[in-house]
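S.K.: What follows is each chain in one-letter form.
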Amino acid sequence: MTTLTQAVRSSSTTGEKPARAKRVRLESRRALPAFYWMVWPAVIAFAAFHTVPVLVGIFFSFTNYAGYGEWNFVGFSNYLNLFKDDRVLAAYGFSFLFAIVATILTNVLSLAIALGLNAKIRARNFWRGVYFVPYVLAILVIGYVFQFFFSNSLPKILSGIPLFADNILTNPDWAWTAIVALAVWQACAFAIIIYLSGLQTIPAELYEAASLDGAKPWRQFTSITFPLISAFFTINVVLSLKGFLQVFDPIVALTNGGPGTSTESVTLLIFRGGFSGGEFAYQTANAVIFFVVITIVSLFQFRVLQRREADF
Amino acid sequence: MTTATNTASQLEAEVDAIAAMPGRKRRGNPDDDTRRVNWWATALIAVCSLTILIPLYLAVVVALKTPEQLASGTGFEWPNPIRWENFPEAWERTNFPQALANTAIITVGSVVFTLLTSSVVAYALARNIHRPFFKGVFFYLLAALFIPFPIIMLPLVKQTAILGLDNQAGMIVLYTIYGLSLNIFIYTAYIRSIPIELEEAARVDGASTWRVFRSVIFPLLMPMNATVGILTCVWAWNDFIMPLVVLTDPAARTLPLAQYVFQGQFNTDYTVAFASYLMAMAPLLIVYIFSQRWVISGVTRGSIK
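Chain order of the listed sequences is A and B. Under UniProt numbering, the final residue of the first sequence carries the number 312; numbering is consecutive throughout. Under UniProt numbering, the final residue of the second sequence carries the number 305; numbering is consecutive throughout.
Relax, there's no trap hidden among the hints.
Which bits of chain B does chain A cover? Going by a derived footprint, with three or more residues having C-beta under 8 Å, they are:
1) 117–127
2) 227–238
3) 275–286
The hints are simulated quantities; they were obtained by calculation from the structure and are not laboratory data. From the three backbone atoms N, C-alpha and C, an ideal C-beta is built for every residue, glycine too.
Please model the complete structure; the sequences and the hints are all you need to start from.
M.R.: Shown next, in the form of structure tokens:
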């Protein structure tokens, strides 16, 4: 018995049989030392600059640390207070409203434009290049151009419509739509490219066969195009919703959270409260909740969208 | 039915004739697309592209105006006479050379370090992914994709301040490390498609693992290096929130930050501000215009696998 296991062990481990060592080394349990040298520095650096801040954040979320000075443990009171804080709840409400609307618009518009770009059109590469331009622009900087457009140009151009004439950015009920416009404007650039690469994987023969069977363009879209790019749809929806929930730059550029706090997103609230509001611990607790929310939303989306994908 | 096919074939012949006309040479067969040109789609795409071009046009014309010209119109009128002085003024007010140098240093540094480190780590992980340690590391790094930046934002600022990394060097370190998750994801899929026999041949010749990476793997990674390089470059150049919270010294501020400060200081001075915005957007935009196809194919490659 003992000899048997020993024999098995010696044949599975290396180094004990120098003659075979060279060939077997790659298959052995331990990798070559060089591979460990390649990975360890990265793991240490990542832990130091990513995992440690996460853990420190979670630690301080149980204290009353203001960002400076003394602090004490307060248990779960930060977390409990979050659920009673109207400003926090409003920020989550705004972030979700914004993210859902922006995700729908981004995906509908970019899929439509990708379909157009995938059709046989003149100067296709030129147009494709034009639609990708927003990706290389800093959203904050182009956002200031949009801000001028909404606050100075649009009131003069559409002076007949009160909503625009009075500067939509100062309207507590509708300012968020301007932020959606800017965010979607930029996010479409990347989404179009992903959809376009998805559309190019569909063989043209399928459409020929479908049109021989008398399928109209809309039918072709619902029965061929959409099912075949649903993987790209999934990834685009998940990525855009996750990105939009964390919206920050477009708000800073357009409204800075205003008027009042009507366009304050969770990220902006954490930034403001944590750095200038003396709410370091409180806002880290908010960030922990935010992390849980984003993870749940992303996983939920993946499940729902993948199940739907499998139906086809 | 007959008439329909007739008109269709006539149209086809017409399009062919147009394409065959002298001076309108068909481009060297871009793809094997035998469909007819869809003029409706072309027109629609052209009209929709105005949503992209109009904001850019607005940025240009406002930057060329005097404040009086701007106040008298909607902003879209072409200025006459053009006021070029906005640019030197913006140059001085935002200390443009300094902000440009900071952004350039951070971007170039991040791209170089990212390419050198992410590819090595991804190589080690891809070749040992069946081993528990490496698999664990892979998922450890990948899990970070789920963690939103706000949760590390507040503690990170304390940490970088304590370590003296609240400067350009610190930004390079942070972009390199935070990019790791996505980059490894992009690289490993590609590395696994490289046949291991190539490496074994080099090993038989006595090459060390590092040597194998340097002379066999890294050159083969060029398409993915382009993808990772483009993504890192655009991210580092345009990022706003990270430099905003990490950088403390005003002399270290990047181009987006310089615009941010601008906003508060000269609130009504739109013409100079717009000149400044243009100068901030121009470098990357110009690079993009000249390497458009390369950039798009690079980004596409990263998103497919």
